[in-house]
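Here is how the chains run, residue by residue.
Number of protein chains: 2
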Amino acid sequence: MTNEVVPPENFSHVVGEIYRSSFPRVENFYFLKHRLKLKSVLVLIPEELPPENEEFLQEAGIQLFQVGMSGNKEPFVNIPGDELTRAMEIVLNPQHQPILIHCNRGKHRTGCLIGCIRKLQNWSLTMIFDEYRRFAFPKARALDQQFIEMYNDSDIKRIASANNWLPIQW
Amino acid sequence: MTNEVVPPENFSHVVGEIYRSSFPRVENFYFLKHRLKLKSVLVLIPEELPPENEEFLQEAGIQLFQVGMSGNKEPFVNIPGDELTRAMEIVLNPQHQPILIHCNRGKHRTGCLIGCIRKLQNWSLTMIFDEYRRFAFPKARALDQQFIEMYNDSDIKRIASANNWLPIQW
Numbered sequence: 001m002t003n004e005v006v007p008p009e010n011f012s013h014v015v016g017e018i019y020r021s022s023f024p025r026v027e028n029f030y031f032l033k034h035r036l037k038l039k040s041v042l043v044l045i046p047e048e049l050p051p052e053n054e055e056f057l058q059e060a061g062i063q064l065f066q067v068g069m070s071g072n073k074e075p076f077v078n079i080p081g082d083e084l085t086r087a088m089e090i091v092l093n094p095q096h097q098p099i100l101i102h103c104n105r106g107k108h109r110t111g112c113l114i115g116c117i118r119k120l121q122n123w124s125l126t127m128i129f130d131e132y133r134r135f136a137f138p139k140a141r142a143l144d145q146q147f148i149e150m151y152n153d154s155d156i157k158r159i160a161s162a163n164n165w166l167p168i169q170w
Numbered sequence: 001m002t003n004e005v006v007p008p009e010n011f012s013h014v015v016g017e018i019y020r021s022s023f024p025r026v027e028n029f030y031f032l033k034h035r036l037k038l039k040s041v042l043v044l045i046p047e048e049l050p051p052e053n054e055e056f057l058q059e060a061g062i063q064l065f066q067v068g069m070s071g072n073k074e075p076f077v078n079i080p081g082d083e084l085t086r087a088m089e090i091v092l093n094p095q096h097q098p099i100l101i102h103c104n105r106g107k108h109r110t111g112c113l114i115g116c117i118r119k120l121q122n123w124s125l126t127m128i129f130d131e132y133r134r135f136a137f138p139k140a141r142a143l144d145q146q147f148i149e150m151y152n153d154s155d156i157k158r159i160a161s162a163n164n165w166l167p168i169q170w
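The listed protein sequences correspond, in order, to chains A and B. For the first sequence, counting from 1, position 76 maps to 76 in UniProt numbering; every step adds exactly one. For the second sequence, counting from 1, position 150 maps to 150 in UniProt numbering; every step adds exactly one.
Keep in mind that a hint or two might mislead.
Pairs count within a copy or across copies, as identical chains cannot be separated in the list.
[What the hints assert, rightly or not] Quick list of in silico lysine-lysine cross-link-like pairs, DSBU-like style, CA-CA up to 30 Å:
#1 K119 / K139
#2 K73 / K157
#3 K37 / K73
#4 K73 / K33
#5 K119 / K157
#6 K119 / K73
Since the hints were made in silico from the structure, they are not lab data. These figures come from a predicted structure and were not determined experimentally.
All chains should be built: construct the whole structure from the sequences, respecting the hints.
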């Protein structure tokens with residue numbers, strides 16, 4: 001199979017030209033560049049990228065956004081709502097799409113961001129959590145789901161409305 | 001939350017205007033009609049639809065396709081490759097899209113069909129199975145994964161090429 005392509009683990013289409021995955025590795029670069037034809041990548045971890053990923057993005061002309069989040073780990077670490085809003089603002093801007101969102105495993109930080117996008121699409125919390133858990137398995141966090149439920153989307157709604165980014169497709 | 005929408009369980013975007021889910025219930029109809037704006041539905045179970053689903057599809061002007069499959073249950077029941085090819089032919093035809101594929105739980109029969117679509121996209125088997133298991137959890141079947149691996153896609157490739165349906169988006 002010479003033309004085999006390798007999407008990153010936990011890869012999925014989210015909506016429109018927004019995608020999610022775990023941390024892309026060298027074997028995924030072809031897929032990201034030639035199949036998804038990414039315009040940008042939003043990385044949700046605070047650490048620097050490995051040099052091969054930096055080089056790939058540069059060579060492929062893919063814009064890198066980074067909003068370093070710590071994840072919702074007990075007992076005292078929390079994703080600040082403001083950072084989530086900043087991440088949403090990057091993702092929803094059509095000029096940045098097609099865009100791939102990823103953290104390390106594509107489970108928790110990415111799952112929180114996708115859950116907040118689903119809130120903007122008015123999905124019921126039950127179905128938002130159903131999706132969250134599908135990707136977070138076997139490490140679903142109640143704190144993440146609580147974060148999604150409690151996230152105050154008034155700022156991002158205001159920003160998105162002012163830019164005519166709403167409604168999000170379906 | 002007056003505008004809340006309820007996607008069916010195990011709902012996901014597959015690629016382009018192809019979607020997957022479990023069996024839609026009354027509370028999902030609004031989402032299917034007004035958000036996804038479905039043109040057709042492909043049902044993979046052999047049984048008749050409940051009257052409320054029949055009525056919904058008719059009222060919403062959504063075309064119903066049905067390819068009744070028995071699922072890969074041990075020891076002797078198998079999805080015939082020809083039926084899978086017939087289902088693929090319905091799904092890949094752009095005139096039928098946006099299209100929703102569903103069986104009962106959206107795990108096994110639907111998972112097999114999606115896996116075969118991923119083969120046409122040249123995904124590595126590892127990543128095809130990663131996706132299959134995410135939706136089949138906690139009931140992943142080795143037989144389903146073997147079916148996907150063994151599925152002979154020469155017929156559907158010939159049909160799809162003749163109709164200019166290839167390559168599938170990413």
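Right, here's what the structure says about each hint:
1. K119 / K139: Cα proximity of K119 and K139: in one copy and across copies (22 Å, 29 Å).
2. K73 / K157: Answer is within; shortest intra-copy Cα gap is 27 Å, inter-copy 48 Å.
3. K37 / K73: neither (34 Å within a copy, 39 Å between copies)
4. K73 / K33: For K73 and K33, the Cα distance exceeds 30 Å both inside one copy (33 Å) and across copies (39 Å).
5. K119 / K157: within (10 Å within a copy, 39 Å between copies)
6. K119 / K73: Result: close within a single copy only, 22 Å intra versus 38 Å inter.
When held up to the earlier numbered hints, the structure conflicts with 3 and 4 and fits the remainder.
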